[in-house]
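Novice: Whole structure, please, built from the sequences with the hints as guidance.
Now for the letters of each chain:
There are 2 protein chains.
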Amino acid sequence: MSESFTPSERTRVVREPQRGVYDRETVYKILDEGLVCHVGFSLEGQPFVIPTLFARVGDAIYFHGSAASRMLRGVSEGANVCVTVTLTDGIVLARSVFNHSMNYRSVVALGKATLVETPQEKLEALRAFTEKILSGRWDDARQPNEKELKATSILRLPLTEASAKVRVGPPEDDAPDYALSVWAGVIPLGVVAGAPIRDERCDLGIPLPAYAANYRR
Amino acid sequence: MSESFTPSERTRVVREPQRGVYDRETVYKILDEGLVCHVGFSLEGQPFVIPTLFARVGDAIYFHGSAASRMLRGVSEGANVCVTVTLTDGIVLARSVFNHSMNYRSVVALGKATLVETPQEKLEALRAFTEKILSGRWDDARQPNEKELKATSILRLPLTEASAKVRVGPPEDDAPDYALSVWAGVIPLGVVAGAPIRDERCDLGIPLPAYAANYRR
Chain A
1 MSESFTPSER TRVVREPQRG VYDRETVYKI LDEGLVCHVG FSLEGQPFVI
51 PTLFARVGDA IYFHGSAASR MLRGVSEGAN VCVTVTLTDG IVLARSVFNH
101 SMNYRSVVAL GKATLVETPQ EKLEALRAFT EKILSGRWDD ARQPNEKELK
151 ATSILRLPLT EASAKVRVGP PEDDAPDYAL SVWAGVIPLG VVAGAPIRDE
201 RCDLGIPLPA YAANYRR
Chain B
1 MSESFTPSER TRVVREPQRG VYDRETVYKI LDEGLVCHVG FSLEGQPFVI
51 PTLFARVGDA IYFHGSAASR MLRGVSEGAN VCVTVTLTDG IVLARSVFNH
101 SMNYRSVVAL GKATLVETPQ EKLEALRAFT EKILSGRWDD ARQPNEKELK
151 ATSILRLPLT EASAKVRVGP PEDDAPDYAL SVWAGVIPLG VVAGAPIRDE
201 RCDLGIPLPA YAANYRR
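Sequence order for the protein chains is A and B.
Sequential numbering from 1 applies to the first sequence in the working numbering.
Sequential numbering from 1 applies to the second sequence in the working numbering.
Incorrect hints may appear among the rest.
Where chains are identical, the list cannot tell them apart; a pair therefore holds if satisfied intra-copy or between any two copies.
[As the list claims (entries may be wrong)] Pairs of lysine to aspartate or glutamate, EDC-like flavour, derived with a Cα cap of 16 Å:
1) Lys122 / Glu146
2) Lys147 / Asp174
3) Lys112 / Asp59
4) Lys147 / Asp177
5) Lys132 / Glu33
6) Lys150 / Glu117
No wet-lab data here; the hints were simulated from the structure.
Every value quoted in this text rests on a predicted model; they were computed, and no experiment measured them.
Specialist: As structure tokens, then:
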């Protein structure tokens, strides 16, 4: 794989083209930080957008076939899909309403997804989901059995046509507006984890694992 | 408008139907808490999913025509769109890998979006965006002028066909797994705002407004 995606007619950033980023390192970093992706597919002329868990493994995305029957119908038979991951990093307060914005990093990946068929590849995808969400958890939890693997629908999208869009930094106002007496700047946003809540049915003798106690996004 | 959406073939929650919620109050609360929506549309057989700012006003969603040329082509001429809003509330750690999940609240709204044409309605939508992100900001910032309103693309989707999907609470394990010595519970997730960062070009004599200093999501 080359180090950058070649922007296609479909993935080149059209609006605010200076925010388009095409190197794999940036794209993969955004994908690895996102917890949830939004999968777009069409059924009988109606687009659907469904949030679901995912993980990147090498040069592909695995995502969970949640909303299963509809999504599976929508992505089967070689249909085109779009997987989008968005991280919101801040609220950008400009002096003018018009130049208010968000700082964000997003990735749009296009292509055809295929159902993962072998138990081995399903297991690897589940491991990637679990370890991505909470590194260390895979070895603690009960492993999937044959029946569960059969009941698990996982789709694979190769990362061949993708691009990122990134906005960072302070507001950009029109030149005359800098003279206005309006506070301007950025309010950073981030995801935080609260204190873990033990299941009432979890024996108090079972200690909270370090990966849960020290969880940070 | 009735107090509940009538689930259609397209919005009825198929997988995990017990998580489907159709009353407007729940749907609207999720929409009002979300900062960003994901807009799905199709162009030449390819679905696209684009994140953008939005606000609910009454029984409609307004969203920003960012990624403008592609999205505007994709939603014009009465094409079907899907607007999805997702809030991730927690990581659900079950005893088995298979029953790991997320706590989340999401809304899927389907329909045809139309371009907002009048400056007055555009102004109202911009006001809703701004006040939703940061209540109090609208009156402080410089108001949009005629040229800026012309350059702003805003789309309106009436909320007629929509549903929510909500997962809350502890993990649900298979009965025999409750005997396993595996910590189980939920790690709550939330969005937090950091300390506001003043634009270097913002005069130190301009005080940080209370709505920015006290910002909470």
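Novice: Next, verify each hint and record whether it holds.
Specialist: Hints, verified against the model:
1. Lys122 / Glu146: within (11 Å within a copy, 55 Å between copies)
2. Lys147 / Asp174: between (61 Å within a copy, 13 Å between copies)
3. Lys112 / Asp59: within (14 Å within a copy, 35 Å between copies)
4. Lys147 / Asp177: Intra 63 Å, inter 15 Å, cutoff 16 Å: inter-copy only.
5. Lys132 / Glu33: within (9 Å within a copy, 26 Å between copies)
6. Lys150 / Glu117: Answer is within; shortest intra-copy Cα gap is 9 Å, inter-copy 51 Å.
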